[in-house]
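Work out the full structure, taking the sequences as your base and the hints as a guide.
Chains as they are written, first to last, in the working numbering: chain U, 1 to 976; chain V, 977 to 1159; chain F, 1160 to 1253.
Simulated from the structure, these hints should not be mistaken for laboratory data.
Hints are supplied without guarantee of correctness; some may be wrong.
To be clear about the criterion: a stretch of chain F counts as covered by chain U if any three or more of its residues have a C-beta under 8 Å from a C-beta of chain U, and this derived list gives those stretches [what the hints assert, rightly or not]:
#: 1; region: 1180–1191
#: 2; region: 1196–1209
#: 3; region: 1217–1228
#: 4; region: 1234–1240
A virtual CB, placed ideally from N, CA and C, is assigned to each residue, including glycine.
Spelled out from the first residue to the last, the chains are:
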Amino acid sequence: MRIDGNGLINRAKPVSFQFDGTTYQGFEGDTLASALLANGVKLVARSFKYHRPRGILTAGSEEPNALVTVGHGGSQDPNVRATTQEIYDGMDARSQNRWPSLAHDVLAVNDLGAPFLGAGFYYKTFMWPKAFWEKLYEPIIRRAAGLGAISGEPITDKYERAYAHCDVLVVGSGPAGLMAALTAGEAGADVIIAEEDSLLGGRLLSEAGEIDGMPARDWANEVAIRLNAMSNVRVMARTSVTGAYDGGTYGALERVGHHCEMRDGLPKECFWRITAKRTVLAAGALERPVAFQNNDRPGIMMASAVRAYVNRWSVAPGKSVAVFGNNDSAHDTAADLLAAGVHVCALIDSRPDATTTLDVPFYAGAQVSGSEGRKELEAISISRASGTDKVQTDCLAMSGGWNPTLHLACHMSGRPDWDESIAAFVPKPGMVPGLIAAGACNGVFSTAACLGEGAGAAVVALEAIGLQADMPKMPVAEDRDYSISPLWAVAGKGRAWLDFQNDVTVKDVKQAAVENFRSVEHMKRYTTQGMATDQGKNYNVQALAVLADATGRGIPETGTTTYRPPFTPVAIAAMAAGAEDKGFAPERFTTSHRLAVKAGAPMIEAGLWYRPSYFPVKGETHWRQSCDREVGYVRNAVGIADVSTLGKIDIKGPDAAAFLDFLYTNMFSSLKVGRVRYGLMLREDGHVMDDGTTARMADDHFVMTTTTAAAGQVMQHMELVSQGMRRGMDVRFTSVTEHWAQFAVAGPKARELLNGLLDAPIDGESWPFMACGDMSIGGVNGRLFRISFSGEHAYEVAVPARYGESLFAELRSRAEALGGGLYGMEALNVLRIEKGFITHAEIDGRATAFDIGMQGMMSKKKDFYGKGAAARPGLLEDDREQLVGLKPTGVVKQLTAGAHLYRDGAEPVRVNDQGYLTSVAFSPTLGTYLGLGFLRGGRARHGETVKMVDHLRGIETTCEVCHPVFLDPNGEKARD
Amino acid sequence: MIELVAKPPCEGLLPVTIGTVTLSEPDMAPLTLIAPMKGKEVALAKAMQTAHKLEWPEAGATSGANGAALVWFGRAQALLVGVAASTKLNAHAAVADQSDAWARVVLEGEDAREVLARLTPLDMRDRAFPVGATARSEVFHMQASITRMGADSWQIIGFRSMAATLVHDLTRAMESMAARSQR
Amino acid sequence: MRIVCPLCGERDSREFSYKGAALALAYPSEEAGFEAWDDYLHNRDNPAGPTRELWYHGSGCTSWLVVTRNTTTHEILSVELAEDAPESRQEASA
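Okay, here's the thing in structure tokens:
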């Protein structure tokens, strides 16, 4: 219930929100948790496995119980921690893992079955029949045990990713973090201070102490104002640093829009990648619970959380509060409750020698051994040597001590040290290079010590990056010793919870030890301890303490499980922000793209490029009709295709020819200026990397063409050769792919078309087959290559890209006037298959020059890249799979790419495999399907009949093996 | 004689202003990639000085004079922007016209740097990236050249074929920043 | 991970791509023989500790780099241009 007091809430601004359909009022500054407690709502969740009623345990991001779903449909967020979710007008939150309602959850029967549902239950029970696991058991278990669900609808919220860089990253803004940021900021360093909470201050916001004679939280506010005023300091509130990575890189999740109704364009979350020269980890500490019978009832909370609700939000979590601890900080909670006018019915300290000056019923050397109540706490049992008392209470504040929040320090596989004096793990220096832990996360708990460590860490960081730094004048603050006597689990019968979120009890951990899961990593996986969304932040240490006890080892020998990023959950939507829809990958458009789309061409992806499949005309109902027509254009008149996507590399320098001689298997130094030659490139292992034509524009100037797919790879390869293996060569090269719009003009009427267009006409003598040179169209300078990928008399004409669209339109209309027109990728593919020209369907990374019948192109006169490897035994054997042509001869006249080849009559099984088809097309020119493929010893088997079986599509036929060039084998048409 | 019509890479896409930031495409200018041949670095620098009054830039730097700029463009190369390259450079360098190879845009405004910080991993703080600095890096999924032209003014050069994606990605980040700035 | 490119300065690892051991620079001659080729292509040490590897600054200056990296800590001990690396020089002597 809300109490008087000066909590950090704005009572002038009421906020109305819904929880499970009921409307409640809170105030600006409230979290969902504080607002629910203010409204007396204690039951907020059902547990994962047993569907036990659960309440709010903490006041921070470590919350295991109070997970809710916020929003609907494409904006629905499951597993939102009520303790960090700020309320806003109209917010709709729902509890999870219950049916039909939170108060009446049918699956609460699981709790009655608890004796059978302990550790390893699933593994032991649902073993057979094997198929049942996937089909029956797992779906049922998943439905019964679970967290919140996503809506299944596409996300409607925006998410964001961003980068930030700084000299000093400060993680956390309690006393240590604030002092670190202030010290570094004043020294002139670029500082980022990241704080999970909406306000800076950390625990100072929740505690009652003083710094420099003013309330600690006022001091925190003053420092925050100073930090915000510094231009070299970036204050990032609502930002959790989630992971530490190599080289001073950190991941951080900023909750940008979670606390307000979504506004157009505002991202919900931003995933930051922050790089820092040095990092001060000032993440504080997390209080741990004590395991005792039924310690999970709604109303049993962390003592620090109770303190926070009272001080920061002016909320009393109960009418009559009991406080139970094994350390001094529990006493502070009792004191703050009294100061706020809340009745404290008992202060229980497990240490026999504990004393108090507070006016409360005090139980030293006592332990809480049990609780009563179902949907909320009603009473606790207090056990002492003298006997057990029952005390009526509706809220128990418990404290088992503090665990330094050292997670980030452990993200690079470092293992922390056990500090007996505080009964907790502490980070070792240097676990993450450049990261310095300060304050509570370093095992130092008094406010004064935290302030000092923060400033000290900043000074160390500043010196490391070469900035002058002195220790600032330290504010005056409380400097009490911290004293604790370990208490992990109260002895007794019944279930005592360790992991609240995954429903793991002391008994489960002991059972794991009995079954010899003695390694902490095995225990974790067997019991699911610490495996939920909270990753067991509060209570992993207790679990391993129980394991240590059960296995007769000490805690340091037992060790911790591995701390891994993220510290708090990160939505995949945040990590992948911007990569949806058009952000998935760049779209590369040729200059003719707009006109191709306008012409109705379906576009297909070729790498990142978009290319037209075919250009349908009126009356055509099937792509084959369009394709056959377009093939006819090229074979009978003239066709136009955009080939700009092929890689074009401009190569210059005195050693350009020698460089190409090394890159290509065949000779280029012998190529005449003004001529083009086809070349083949190998990888270092002797297999084919790529092929293409290279034109010699001048003695020291070549233009290389690569395939569309391999353009980037070839460029990278050339860089490696020129910077590495042949770094002495004087050659420079650059990609000019994007500079030129290049179009194939192919067919018997190609020259006729061009001569209507070129400023200076050409003839067979000036531009023979494989000629190249400069030309101009309408005064625009470009290049002309007489090369052919169709086997026809053909050219490729290139102009600067700005003129691409205009030239494409011109070529199209002129081609149409000559009885031709545009052709797309489908026709291009048919044309090249008819001619037996290879693509990466054939040179798929496994083929050698020998395999594709180009062994003659491997020069014997020079070294070339891959030559030594290509000569290895086994790469030149007669029974290798060699490129062949295939024509259907059976009843089925269809061939399919990917189908396998077998000897006629052989059983079509793997051991009889003879090869496979790589490319197939229906040839309108020859009136039959044609295939290219690889067949064992294929070059010697022309004329043989083989069986083709496509097991996937269920197609079987016979084909005749033939030469891979089906049309014009002597290449007369291209030379015509 | 036919007349071919020129189209700039971002035609129909720009300019756009969202919040404090404007993305625009300057008029197409000559772009020439210049790479010194081995051992010709000094001679090229001299020829560049004579022909265009431009200093050969160190890695990560630019130089400018008379409306032309020389932008470091990667290992052993620089991009001459705004003026056609003198043929005198050819004796010392590989010279390639790339006027049509790139989409060149300018991002300006108070939040321009923060917009870029959503797309590039570059450290763009004043000390690391002062006015006149340049880098080859990434803009989201694509390679780019980024140059700081002024305190709040950035030139971004990306592949011409990816102009639409460049505008898409930048615009998305601009929308995000505009929504944040309104808060 | 951050890599300090000798030309571009410290950059995010996303700008780079990896291509295995720097040994790839020590390209054998065509007459080196099958064993030398087999060794060059297939045999690599797998050290727990410093290792020399090739990285390509493809989204940056397009330099090939030899990065010396400790495989157990991920610490980067040095970065040099491939053209200056001793592995490249082996080719000249081969």
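Hint check results:
1. Coverage of a stretch by a chain is defined here by at least three residues with a beta carbon nearer than 8 Å to that chain's beta carbons; for the region 1180–1191 of chain F and chain U the count is 8, and the condition holds.
2. Beta-carbon proximity to chain U at under 8 Å applies to 4 residues in the region 1196–1209 of chain F; the threshold of 3 is reached and the given coverage holds.
3. With 4 residues having a Cβ less than 8 Å from any Cβ of chain U, the region 1217–1228 of chain F passes the three-residue criterion, so the hint holds.
4. Only when three residues or more bring their CB closer than 8 Å to a CB of chain U does the claim for the region 1234–1240 of chain F stand; here the count is 3, and the claim holds.
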